[in-house]
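Residue numbers (our numbering), protein chains in the order written: chain C, 1 to 277; chain X, 1 to 592.
FYI, nobody ran anything at the bench for these hints, they're computed from the structure.
Certain hints may be false.
Claimed, not checked - Far from chain X, some chain C residues (derived; all Cβ distances over 12 Å):
hint, residue
1, H18
2, I35
3, D36
4, G135
5, Q161
6, A259
What the hints assert, rightly or not - Where chain X lies over chain C, by a calculated footprint (3+ residues, C-beta under 8 Å):
hint, segment
7, 61 to 69
8, 111 to 120
9, 125 to 134
10, 162 to 175
11, 239 to 248
This structure is a prediction, so every number in the text was calculated from the model and none was measured.
Just so it is clear, CB atoms sit at the ideal spot from N, CA and C, and this is done for glycine as well.
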Amino acid sequence: MVVALILLLVAIGSVLFHIYSPWWWTPIATNWAYIDHTINITFWITGFVFVAVIAFMAYCVFRFHHKEGRRADYNPENKRLEWWLSVGTGVGVAAMLAPGLVVWHQFVNVPADATEVEVMGQQWQWSFRLPGKDGRLGTSDVRNISSDNPMGLNRDDPLAQDDVVIENGELHLQLGKPVKILLRSVDVLHDFYVPEFRAKMDMVPGVVTYFWIKPIRTGTFDVLCAELCGAAHYQMRAKVIVDEEREYHAWLEQQKTFAELSSGNAIVKATYQSGGK
Amino acid sequence: MVDIPYDRIADIPPAEVPDVELYHPRSWWTRYVFSQDAKVIAIQYALTASAIGLVALVLSWLMRLQLGFPGTFSFIDPNQYLQLITMHGMIMVIYLLTALFLGGFGNYLIPLMVGARDMVFPYVNMLSYWVYLLAVLVLASTFFVPGGPTGAGWTLYPPQAILSGTPGQDWGIILMMSSLILFIIGFTMGGLNYVVTVLQARTRGMTLMRLPLTVWGIFTATVMALLAFPALFVASVMLLLDRLLGTSFFMPSLVEMGQLSKYGGGSPLLFQHLFWFFGHPEVYIVALPAFGIVSDLISTHARKNIFGYRMMVWAIVAIGALSFLVWAHHMYVSGMFPQFGYFFATTTLIIAIPTAIKVYNWVLTLWRGDIHLRVPMLFALGFIITFVNGGLTGLFLGNVVVDVPLSDTMFVVAHFHMVMGVAPIMVVLGAIYHWYPKVTGRMLNDVLGKFHFWVTFLGAYLIFFPMHYLGLLGVPRRYFELGDAAFIPPSAHSLNAFISVVALTVGFSQMVFLFNLAWSLFKGKASGGNPWRATTLEWQTPETPPGHGNWGKELPVVYRWAYDYSVPGAEEDFIPQNQPPRATQVVQGAAS
């Protein structure tokens, strides 16, 4: 029976494609291997159900397709079978949901020793901010944004003065250090997305969202925007570099703080103003 | 031989039904254009939905040209690409699938299947179509206004939907919201009709538990739509006010093109909650009619009663109810309160249970059947495969933490196309092959039909199955081009090109179907009244196509459920619902 065979081949072909496909997730760079494990559990359970249902269907088509004189059974229902199938499905669902919820619990609870980094999205570029020596980020507001204060930091906030501001550059993270990534947008929705990190979260104007990761390997990774943000959405790119401790600190030393950046600008501004008079 | 009836066959006396005063058309205009006959309205709905659906199909070809061969087609720029995906999605989900299942199949089948002469409010029913047509025209007009249609994505998320970084910011988005508002007004008029007709206008003997599953599916979907569309309605009105009057329902303080905007104090997440409170039930508003229709296709063409009818009905109702408790699974990475994740992941995965029961019962209906592999049956089998595939990938995306890496990637695109694009379209096509003879009195060509099925089914599977793996790799959706990214290998670009070629092939094979529809209208084999030897009432009409008022002088009387196929002891392998029990077949030892 050709039809039954083709149906069966669809199921077998799907499994073979899954096994031999060259397209698979990127090598992971953070602690979220748990997520990959949960995906694998889900693949096993759903893969089994997919093949079982289609193979059964193909068998029925093969065995019971119309022939002269065949007559179907009359079999309105079978309570026991229906309940067993429901219970079996429930068990399968629980086997996927339980690990999923456990990992979600880890995902939303940030460890106490995580340091904070801020990522700010705007059409269509990324900016980054790291706390200075005080270890804390200063406050910010979209109303403070100006050409010499692109991230809208609060000038009167002493905590903001030593914040490291990186406009439209690269972000470095330190290997093995848990980091809470605070996400902020000044215009529309964006999404800070690094495939190798597995974690992602939308950036919403008006609120600060977050996720946390612990980088587990060094390397340079592409940052993409994963939430449609207008015409140049596809070009909103940056790089994240995970460094060993020494390289990380060497990089950090070279970065400018908010105070340094704005005092430089203040001088320029003062000159301009006096010249204008 | 013993006649073992599924439900008690009462000998119902012929109904003394007072003649309903129907509106009788007096001219060509009121018969074919401003008609109040549900069957004519159904065809108007179906033709309009198909016409705008074809536009959306062409838009998808343009998208695939760009994705498969970036840089080759200079007439597609990033703005236009966003406009293509937006209009494709919105048209397919709302203006094609919702309108076709409820306005098209609902209008045609509900009165016939429940044994009514027409919808209960024929005039409102007519208005429903004309308001729908207006909504479609307003939507289509955005292709011609300055700035073109909106490119905000079919989800229309503010703030970007109404800001200047998004194409169609001036006219496109305003007309889109206006069109949605019109659509909902039109739908509400039709939807109230379907619900009241099912509840009030069933013929004698047609109890709720004797309704064909098609009616159960369309009925439940309509109730859901009446509850869900108002959320989209208020979201549309509020977004329109934000855009036109400068209110800030969804708009916080923000910078627009380097300038602090006039907005402040609103919440972008509020829109997402409203949108998905509508948007998730919407998935089942499309799926439940498909579930119902495919149950009847399988039963009829396998000559076997649907397995577990009562469970099937309760599963439809349970899915309908649960689908109002899962909307935020579209928002796991939206930045909403993270603890919501536990609740919405749990409710979402619970829906898998009634849904799985439906799948089991479809395939168990095939078991020991007498399977006629006619074109409608082939499409039903194609539906089961694509629906099972798409439903199972839903278990990935519904399971909150698994969704985190996959959301906003091509995995999502592949998932929802499989489960609410390809699968329902399989049912739509199967249903057209199934009911075309009733609508026209002629059969569709079988050879063309089989060709159409295999190209469509295998092609669609080849398009969307591999696409999941691009998403696993991490390829994001809604990208004009992928550009340089170290994690995307050249083979991914080759796969995109392959998908585009298959998509164009499947697209063009639909022209064969259109040809078949037109050709068979004049040259198709005469079908007679009941070519599939089916039990449900629409096949028992005195005339084919059914005349105005459907039933001639007397309404049919229903004596049995809709699935008396291959009843032991019966002469034929089907017993129509309106066939009275014969004295010789009266139940003896029904327990056996």
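Each hint, compared with the structure:
{"no.": "1", "hint": "H18", "verdict": "8 Å, violated"}
{"no.": "2", "hint": "I35", "verdict": "6 Å, violated"}
{"no.": "3", "hint": "D36", "verdict": "8 Å, violated"}
{"no.": "4", "hint": "G135", "verdict": "24 Å, holds"}
{"no.": "5", "hint": "Q161", "verdict": "23 Å, holds"}
{"no.": "6", "hint": "A259", "verdict": "23 Å, holds"}
{"no.": "7", "hint": "61 to 69", "verdict": "holds (count 4)"}
{"no.": "8", "hint": "111 to 120", "verdict": "violated (count 0)"}
{"no.": "9", "hint": "125 to 134", "verdict": "violated (count 0)"}
{"no.": "10", "hint": "162 to 175", "verdict": "violated (count 0)"}
{"no.": "11", "hint": "239 to 248", "verdict": "violated (count 0)"}
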